[in-house]
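Go ahead and model the full structure; you've got the sequences and the hints to work with.
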Amino acid sequence: MSVLDIEGVSIGFGGVQALGNVTLSIDEWEVVGLIGPNGAGKTTLFNCITGFYRQDQGVIRFKGTEISRLAPHKRAALGIGRTFQQVGLVRSMTVLENLLLAQHLEVNYADIAGLIGSPETFAAEIELRQRAMQVLDFMDLADLAHSPLDGLPYGTLKTIEVAAVLATDPEILLLDEPAAGMGPEEAHAFGNRVREMRKELGITVVMIDHHVPLVVAVSDYMYCLDFGQVLTHGEPDYVRNHPDVLEAYLGEDTKKTNGKPKARRRTKTKARRR
Amino acid sequence: MAIGLDVTHPMDVVETDLGGMPQGGWPARLIAGVLLGGGLLVLLGVVSPLDASRIGYAFIFAIVGISMRVLLGLLGQISLGHQAFVGIGAFMAGFVVTELELDFAMAVPAAALSGAAAALILGGAALRIGGLLLALVTLTFGAVAERTIFLLRQFTGGGSGLPAPRPPWAATDTTYAYVCLAFLVIVLFLDWRFVSTKAGRAVQAVRDSERVAASMGISVIKYKLLAFMLSGFLAGLAGGLLAFNIGTVQAAPFNFFLALEFVLMTVVGGLQYRSGVVAGSMFFALLDRYFGNIYDWFLRQLDKVPGIRGVSDFLRDAIADPGLLVPAVGAGLLILTLISFPGGIGQQLRPIVNWFRGGRFDLSLIHGETTSQGGSEDVRP
Amino acid sequence: MGAATTNGLIVGAGYALVALGIVLIYKATRQFNFAQGEIGTVATFVAWMLLERDLGWPISGTIAVLTGVAMGLAIERFVVRPLARSPQVTVLVATAGVALLAIALQIIIGEAKLRAIKPMLTGDGFTIAGALVKPQDLMIIAGLAVTGVVLFLFFRSPVGTALLATSQEPTAARIAGIDINQMSMLVWGVAALFGALAGLLFAPVDAFTPGFMTQRRLIPGFTAAVIGGITSLPGAVAGGFAIGLIESYFGHFLGESIRGADGLGVLIALLAVLVVRPQGLLGKAA
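Order-wise, the sequence lines are chains A, B and C.
Going left to right, the first sequence walks through residues 1237 to 1510 as the numbering used here numbers them.
Going left to right, the second sequence walks through residues 7 to 387 as the numbering used here numbers them.
Going left to right, the third sequence walks through residues 1311 to 1596 as the numbering used here numbers them.
Bear in mind the hints are in silico, worked out from the structure with no lab data behind them.
None of these values were measured; they are calculated from a predicted model.
Ideal Cβ placement from N, Cα and C applies to all residues, glycine included.
Sample of chain C residues with no beta-carbon within 10 Å of chain B, all distances over it, derived:
{"#": "1", "residue": "A1314"}
{"#": "2", "residue": "L1360"}
{"#": "3", "residue": "T1377"}
{"#": "4", "residue": "D1434"}
{"#": "5", "residue": "Q1478"}
{"#": "6", "residue": "E1479"}
{"#": "7", "residue": "A1483"}
{"#": "8", "residue": "I1485"}
{"#": "9", "residue": "A1486"}
{"#": "10", "residue": "G1487"}
{"#": "11", "residue": "N1491"}
Computed cross-link-like contacts, BS3-like style, restricted to lysine-lysine with a CA-CA straight-line distance of at most 30 Å:
{"#": "12", "chain 1": "A", "residue 1": "K1299", "chain 2": "B", "residue 2": "K228"}
{"#": "13", "chain 1": "A", "residue 1": "K1435", "chain 2": "A", "residue 2": "K1310"}
{"#": "14", "chain 1": "A", "residue 1": "K1435", "chain 2": "A", "residue 2": "K1299"}
{"#": "15", "chain 1": "A", "residue 1": "K1310", "chain 2": "B", "residue 2": "K228"}
{"#": "16", "chain 1": "A", "residue 1": "K1299", "chain 2": "A", "residue 2": "K1310"}
{"#": "17", "chain 1": "C", "residue 1": "K1444", "chain 2": "C", "residue 2": "K1428"}
In structure tokens, the structure reads:
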């Protein structure tokens, strides 16, 4: 069953067509990779899905319901979680506080009850902390719970951001360049963690990253965007070797470097398509 | 579908670690706290009624400071027209006791609610704007309050003022100062719970990034309005208390300079620190009231120094009313704080506050980063 | 009605002058200068002190304007530049602190008195549409006209072009060898000049007190700048006239039933523009 259906979505900014008639479909429990050169429209697509942009044309359905008219926070409430290229965390808070914040929708007391210090809110806050610590533990971040965000390395921040989004209890997770700023080993570990997340938490994942081998290793299915259009899609190995994709990434030099990605592929975990 | 973490990962919860060995232990903290609190209670009782009234006035300013902190520190939006909300609260309190002939117990909630309503209307009208434009809107609103709302004859007695007699059970300056202190304690509790729970966190997220907040399911509009409302509520409450502190509500004190004083006492206090905001607000309120005394004392000390008798005489001549120096001192402190000590007084108080919270007495916190938010003044391991 | 229009336009010309300074600084540095009005009061205060010593308007006025410019440069150097990396609101609060400090110093030195300053031009006024127009009123219009022409020519000069480039592409401008600090000083100096001029032109129209430009002219000036489009110099002039007219009409038609109706008109105009056309009358859509 498909969780997210995008049909013929187009959006332009002042005459520039950022997305042109993009159609894609994401199945439940699937890890989908989204690649494409800079300016291909990947983040724009995320912004349309999460409601920061309203598409000019086309339909976006989440579990069969049209969501194009919903405000961003309502889409988040439906279970669409996302990360940002520029780290979507509150910089002035500690790691733990960010995770408490991320559980906003899980909090079952009223705002006013919290304000006047109603007794049940103290208990609820303790529960929120416990749950936050569980998520941090899952992401191997428990040691950092009380550190302020300032001064943490970029790669760590990206992982914390994923932890925060997990704490929002999403059904689908849109990751925008989660491995940016990570070294190769860190990125590899992160890839494994995404697979683990899918397996243990039953989340659907859509992931944008420039690090193509990582996306290939992690994804069940891939889409490649270029100039706001779907260039090609299919199983990771098919997409990464598709001549159009290579040309989009490498331009004129397609033929010279054609064999290179294939050679590196073997070192990565083999992605299985269910 | 729920994440179900608890099922798949029944791991231990890591206890919140406050870091390091507490120095002095909890009994010492308890004793220090009791001495401080008890000392304050005793002090209010032994000082003259005039001093008690001035300290009560400072407590009210501290409530205004917390109101400013909600808007400026937590939501990150500035109000240059906060005297309007305080004034509306004060006039509402006067109106309720004088025109409606109801008592204090009705007047103060009415004042707080009127402040909340005014802030909600203004916040709603200016919802889509922020930053500098909102500053301008609040500034303009303050001017309208000063020149129009406070002069509406039906509501405010039109310039001659509204009497606000104190209730019989708090008729003296001393008892009324205790009432103000009680309200300040309640307000501090509310502020503490606000930043420690859902709504306060959401407001701070909106301040840092509306997009990030929305992606976490936070309604940006709702929490902006909530912060406005809470800030207006506290300002109105302070206004209501102020009405009974001064006895007669007139438009004159609620002018543009008061709005600037509210901004500067909050900024000098250190927006991010509850303790700093309270200290800064009370400092300015007391400076306002005691500057004349301090100045006289200073001149008398100068007189005792042989050889420079002329200096104090010159100063006496040059500055007839030392109260006029207060805004200059305040403005100077404001600029100095912004440029050199962005953490304000609160940053300087951090070692003490931190110790009370179970951390170490660590003087290096004074120079530490100033990003810590209210409610998170604890030690980082 | 006719008199209200005439008066509105004259006062509006003064607001336009204040707004021009605000727009200039915002355009170049994205900051609001809360002390823009107070620069005018300080200049007025200096001019008054010199006029009391019978120095005459040409000398007093020149020294007063130079004092205003010096104040603008001092604010730039000692308050705004150290806060260059701070949020906009911080700079606003800091310049508000400067305004407060200036007002406090004026009160300490000169007491909070209502004073009259000698008009620049004397002579009988004449009547336009039922409103008495004095020569001093015409000075405001003339001051605005001269300022407008100077600004128009300035932004066509190489320095003006460099300034525009700096405001639009600071990084590129730096690479092209434009000295950002110098540009910032230039802008603050010129804006302070307008501020001083506005104060000197306004003061003789009626009495002045410490802080009179901040208390009575700053809000209309800011509002004029915002409704004109905040980065548009012609917008600031249009906004100034619009606010002058709105104040005048609100005062004329509602003044008897509502006190402070002119100020209410400013708030309504400000909110209306921000809600309906947030980019301002002559501003470009973001």
